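Q: Each chain, written out:
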Amino acid sequence: MTPVLAIENLSLSIAGVPVVDGINLGVDAGEVMALVGESGCGKSITSAAVMRLLPGAVSQTAGDIRLAGESLSRLSERQMQAMRGRRLSMIFQEPQAALDPLSTIGTQIAESLRQSARAARPAVLHMLDEVGIADPARRIDQYPFELSGGMCQRVVIAAALIARPELLLADEPTTALDVTIQAQILDLLRTLARERGTAVLLITHDVGVVADIADRVAVMYAGRIAEAGPVHSIFAQPRHPYTQLLLASVPRLSDVPKSPLAVIPGRVPTPLEFGPGCRFASRCPRADAQCVAQTPPLRPLGDSDVACWHAA
Amino acid sequence: MRRISPGMMVVLGLLALFVAAALAAPLLSPFDPLRQSLLLRLKPPGSLLGGRTFILGTDDLGRDLLSRVLFGARVSLLVSVVAVALSFVVGTALGMVAGWYRGAVAVVIMRLVDTMLSIPAILLAVLTVAVLGPGFLNLVVVLGLTRWPRYARVAYGQTLQVAVLPYIRAAEMAGAGSTRILWRHILPNIAGPLMVVATSEFGLMILFEAGLSFLGLGIQPPAPSWGSIMAAGRQYVERAWWLTVFPGACLFGVVLCVNVTGDWLRDRLDPRAASR
Ligand SMILES: Nc1ncnc2c1ncn2[C@@H]1O[C@H](COP(=O)(O)OP(=O)(O)OP(=O)(O)O)[C@@H](O)[C@H]1O
Ligand code: SF4
Ligand SMILES: [Mg+2]
Chain A
1 MTPVLAIENL
11 SLSIAGVPVV
21 DGINLGVDAG
31 EVMALVGESG
41 CGKSITSAAV
51 MRLLPGAVSQ
61 TAGDIRLAGE
71 SLSRLSERQM
81 QAMRGRRLSM
91 IFQEPQAALD
101 PLSTIGTQIA
111 ESLRQSARAA
121 RPAVLHMLDE
131 VGIADPARRI
141 DQYPFELSGG
151 MCQRVVIAAA
161 LIARPELLLA
171 DEPTTALDVT
181 IQAQILDLLR
191 TLARERGTAV
201 LLITHDVGVV
211 ADIADRVAVM
221 YAGRIAEAGP
231 VHSIFAQPRH
241 PYTQLLLASV
251 PRLSDVPKSP
261 LAVIPGRVPT
271 PLEFGPGCRF
281 ASRCPRADAQ
291 CVAQTPPLRP
301 LGDSDVACWH
311 AA
Chain B
313 MRRISPGMMV
323 VLGLLALFVA
333 AALAAPLLSP
343 FDPLRQSLLL
353 RLKPPGSLLG
363 GRTFILGTDD
373 LGRDLLSRVL
383 FGARVSLLVS
393 VVAVALSFVV
403 GTALGMVAGW
413 YRGAVAVVIM
423 RLVDTMLSIP
433 AILLAVLTVA
443 VLGPGFLNLV
453 VVLGLTRWPR
463 YARVAYGQTL
473 QVAVLPYIRA
483 AEMAGAGSTR
493 ILWRHILPNI
503 AGPLMVVATS
513 EFGLMILFEA
523 GLSFLGLGIQ
533 PPAPSWGSIM
543 AAGRQYVERA
553 WWLTVFPGAC
563 LFGVVLCVNV
573 TGDWLRDRLD
583 PRAASR
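Line by line, the protein sequences give chains A and B.
Counting along the first sequence from 1, when you hit position 276 you're at 276 in the numbering used here, and nothing is skipped either side.
Counting along the second sequence from 1, when you hit position 130 you're at 442 in the numbering used here, and nothing is skipped either side.
Note that these hints are calculated values from the structure, not bench results.
Treat the numbers as computed from the prediction; the structure is a model and nothing was measured.
Heads up, the beta-carbon is just placed ideally off N, CA and C, and yes, glycines get one too.
Each hint should be verified, as a subset may be incorrect.
Some, not all, of what chain A presents toward chain B, calculated at C-beta under 7 Å [unchecked claim]:
hint : residue
1    : Leu53
2    : Arg84
3    : Ala98
4    : Leu102
5    : Tyr143
Cβ pair distances, simulated, as ranges [unchecked claim]:
hint : chain 1 : residue 1 : chain 2 : residue 2 : range
6    : B       : Gly415    : A       : Ser148    : 37 to 45 Å
7    : B       : Leu429    : A       : Glu146    : 38 to 46 Å
8    : B       : Leu472    : A       : Pro230    : 41 to 49 Å
In silico contact screen, one side only, chain B against chain A (beta carbon under 7 Å); selected entries [what the hints assert, rightly or not]:
hint : residue
9    : Pro478
10   : Tyr479
11   : Glu484
12   : Met485
13   : Ala486
14   : Gly487
15   : His497
16   : Asn501
17   : Pro583
So here's chain B without its partners, still in its complex pose:
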C-alpha cells in the first residue's frame, strides 16, 4: 500500500469531518434548527443573548444558523450523493451499451442524450418537479434522471475506444460474453474519466438542489438545506453576510474536497499509477 500524502490526509480528514458533522447533526446542534424567535432575528455570529450563544448568528426568523447549517449538511450531502450515484449508474450503463452494441441501439440512446443536453438541465428539473410535486425523493430522482447524459456521453466515447483494443478481443476469444466484458474489462478501464465527471457533478448537484429549493421546488421550508439557507439569506446579504457566507463556505469546502479526492482515487485505482 502506498502512503497517503499529508495534503491528501488533510483533504480526506476534512471530508470525513463534513460527513461526521452531517451524521451527528442532532448531537452537535446547540439548538433546534426550526425554532423561531422574532426577538432574535438576524443576530451576528458570536451573539450572546438571554444566556445563549449563537456561534454563527441567527437568520431572518431568529433560528440558530449553526444548527441549520449542520442539519442542512445532511440534506445537501444526501441529495447530492444519491443523485450523483443515480445519474452515474443510469448514464454509464446507457453509454456503455450504446458504445458496445453501436448501430441502432447507439443511435436511439445518443439521440436521447443530445436532446437532453440541448435542454438546460435546470429547466428540465423544474418542469419535472412542477409535475411530480416537490419533496426529497422527487428531488433526488429528478436530479438523477436529468443529469445522466454527461456520463452517457463520456461512457459512450470511452467504450468505443476501449472496445477495439486487443485485450477486449482477447476476452471475446476466451469466451467472455458481452455482460462480462462490459462489467469486468470495459468499466474499470473507463472509470477514470467517469470519476472526473462524477466529482464535478457532485458540486453541481448541491447547486441544483439549492436552485430548486430556492424556487420552492426542492427541500420544503422550514427544513434546512445549504441551498435553501443561502437562498433565503440572499435578500439580507448586506445586513447579514453570515447567512450566505457560512453555508457557502461549507459548500465550497465540500466540493473542493470531493474534487481533490476524485482525482486522487482515480490515480490510486490505476495499478500502473499506483506503483509509480
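One chain only, chain A, in its complex shape:
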C-alpha cells in the first residue's frame, strides 16, 4: 500500500549548513505517527517542508515528499496552494494565536472549503459538532476571543479537517493547553483520524503523548532519524542508545518517589559541529571509533528501523 505521506531522503539547510539530513518517514492512512526529538532537532522545519512553506532562511537541498505517491516538489506553487487545506493541512501550538481575531469562527473553519460563508454553513455546523463544541449555532458566529484555549484548538482542528484532507500535520498541538484539556484534544485528534482515515504526523517532545495516542513513532536526533517503529515495540524494547536514554529520562508513576531523574549528559551538537559519524557519539555511552568515523545507516531491526552501529 502506498503511504499517504512519504518523506524521502529529505535534507534541509540554513545558510548552507545542513540542519535536516536525509530523513525518511512514512505515514499510512488512519495512522498517528509521532515525531519526537529534542528542541531544535528539525521537527518543525520538516513539517514546514511538507507543506512547502519553509521559512525564508531554510532551503530544501535534497529529497522528495510524496502525498499518496504524488511528488509535491514537482507541483507549481499554484497547484500546491490548491492542495493546502484540502489534501494536507496543518495545526500548531497556541490555538488562539492561530485564529484571526477579526474573523468569525465560522468563516475561518470554512477557509479551506473555498465556498461562500452561506454555502459552507451546514458543513461548518456539522464540523463544530464533530469536534465536540456545544451549541454550534451560537459559536459559529462568535470571534476567537470569546472562546477558551481548548475550544480554540477544537476550532483549529475543525478548520484543518473540514475539507477531509488525507494528511494532518500537528506541531505540538497541545503544548499550550493545560493537562486535562490536552488529553481531551489528543483523544479528539485520534478519534477523528481513525474515523476519517486521516494520516496524522504528530510532532511533540512529550513522550507521554506518544504512548497515549501514537501508532508509530520516529525519534529524531540532530536532524536525523535515530529510530522509528511501532510505539509498543519501541517502548518495550528501545534499541537506539538515544531512545533508551530518552525513555529512561521520563518519570514513571512506578518510580520510587524522589528518586533522581535520569538525564542524558552533554548537549545536542549544533549543525556546525556535525562530524562525519554518528551525531549521538558525543553523548553515547557505547560510542567507539567506528561511531565517530562513519554515519550509521537506518537498518531494520525487529519491528523497527534503527540508525546505530551497535544496536541489536
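Place chain B with the ligands on chain A using the hints.
A: Using the frame of chain A, we list chain B with the ligands on its own:
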C-alpha cells in the same frame, strides 16, 4: 448591538446635519450664491436690506454668505471625501503589497514613498495642478495622488507586523492565496491605524483644497468652497470677520466630528472592543 452614547449621538447628528445641508444646498439657500451686488458689499450678519435678511452677512462682492457657505460645503466635502478615498485606496494597496512581498517590490514602493514624503505635498500639488490645469476633477486626482504615501507607510509597517502572526501562517496552511490573505485577514487587522490616518487626512484635504483654491489652482471663482471663501475673506478680516469665521467654524466642526467618528468607528469595528 451596543448602544450609542449620547455624546456620540450628538457628533453623528452634527455630521449628518453637515452632509444634509450640503446635499440640500439649493433648497436651503435663501439666495443665489453667485449673485453680486455692489450696494450690498460687506454687510454684517443679520443685515436687513431692501426687504431681504442676510443671516450671515455678505462678502466683498455683495453675495449672500449663508448661501455661499451652504454651496461651499458641497464642494469642500466632496473634494475631501473623494480625495481621501482615492489616497486611502492607492496608499493602502501599495503599502500592503510592499509589506507582504517585501524584497525588491518593497524597495521600489517605499523609496517612492520616501521621495514623495520628502517633497512638501502642497508643492507637489501646486506643480501638478499647474501642469494639468485647475478644476474639480484635477484637484481631486492631484490631492488623492499626492497624499497616498502616509497610508502606504502605515499599511507597510502594519502589514510587516501582521504578516508574521500565526493566524496568517494558518491561513496559508489552509490554502489561502496572497490576495485572499491580504484582503480578508490583513486589511481588517490593519484598518484601525489606517482609519486614524484617514480621519486626520480628511481635515487636511479641506485645508489643501482651501490653499490651492486660494492660489487659484483649485475651485475656480466664482464657485464657492469653504477654502476659497476664507481665502477671499482673509483680506477683510478686520472689517468683516464673518467672512472667515463662519466657513472656518464649519470647517472646524466637520473636521472635529470626522475625527471623533473615526475613533469611534475604529473601536466599534473591533469585535474585542465592541463587547467590552
Ligand atoms: N525561521 C527560521 N529561520 C532560521 N532558522 C530557523 C527557523 N526556524 C527554525 N530554524 C532553525 O532550524 C533548526 C530546526 O528548528 P525546528 O524549529 O525545526 O526545531 P524543532 O525540532 O521543531 O524544535 P522545537 O521542539 O523547539 O520546536 C534550528 O536550528 C532552528 O534554529
Ligand atoms: S552509532 Fe555508536 S555512537 Fe551512535 S548511537 Fe550507536 S553506539 Fe552510540
Ligand atoms: Mg518546533
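Q: Are the hints correct? Go through all of them and say.
A: Hints versus structure:
Proximity of A/Leu53 to chain B holds as hinted, the smallest CB-CB distance being about 6 Å (cut-off 7 Å). At a threshold of 7 Å, the smallest CB-CB gap from A/Arg84 to chain B is about 4 Å, leaving the interface hint in force. The beta carbon of A/Ala98 comes within 4 Å of a beta carbon in chain B, closer than 7 Å, and the hint placing it at the interface holds. For A/Leu102, the shortest C-beta to C-beta distance to chain B is roughly 4 Å, which falls under 7 Å, so the interface hint holds.
At about 4 Å, the closest approach between the beta carbon of A/Tyr143 and any beta carbon in chain B falls short of 7 Å, and the interface hint on this residue holds. Evaluation of the 37 to 45 Å hint for B/Gly415 and A/Ser148 yields a pass: the beta carbon distance comes to about 40 Å. A beta carbon spacing of about 41 Å between B/Leu429 and A/Glu146 agrees with the range 38 to 46 Å that was offered as a hint. For B/Leu472 paired with A/Pro230, a C-beta distance near 46 Å keeps the hint of 41 to 49 Å intact.
Annotation: B/Pro478 was flagged as interfacial toward chain A, and the flag holds, the nearest CB pair being 4 Å apart, inside 7 Å. For B/Tyr479, the shortest C-beta to C-beta distance to chain A is roughly 5 Å, which falls under 7 Å, so the interface hint holds. The closest approach between the C-beta of B/Glu484 and any C-beta of chain A is roughly 6 Å, which is under the 7 Å cut-off, so the hint is satisfied. With a cut of 7 Å, the hint placing B/Met485 at the interface with chain A holds, because the nearest CB-to-CB distance is about 4 Å.
Checking B/Ala486 against chain A by beta carbon gives a least distance of about 4 Å; that is within 7 Å, so the hint holds. Checking B/Gly487 against chain A: minimum C-beta separation of about 4 Å stays under 7 Å; hint holds. The beta carbon of B/His497 comes within 5 Å of a beta carbon in chain A, closer than 7 Å, and the hint placing it at the interface holds. Interface restraint check for B/Asn501: the shortest CB-CB distance to chain A comes to about 6 Å, inside 7 Å, so the restraint holds.
Of the supplied interface hints, the one on B/Pro583 holds, with its beta-carbon coming within about 4 Å of a beta-carbon of chain A, less than 7 Å.
Hint check: no violations occur; every hint is consistent with the structure.
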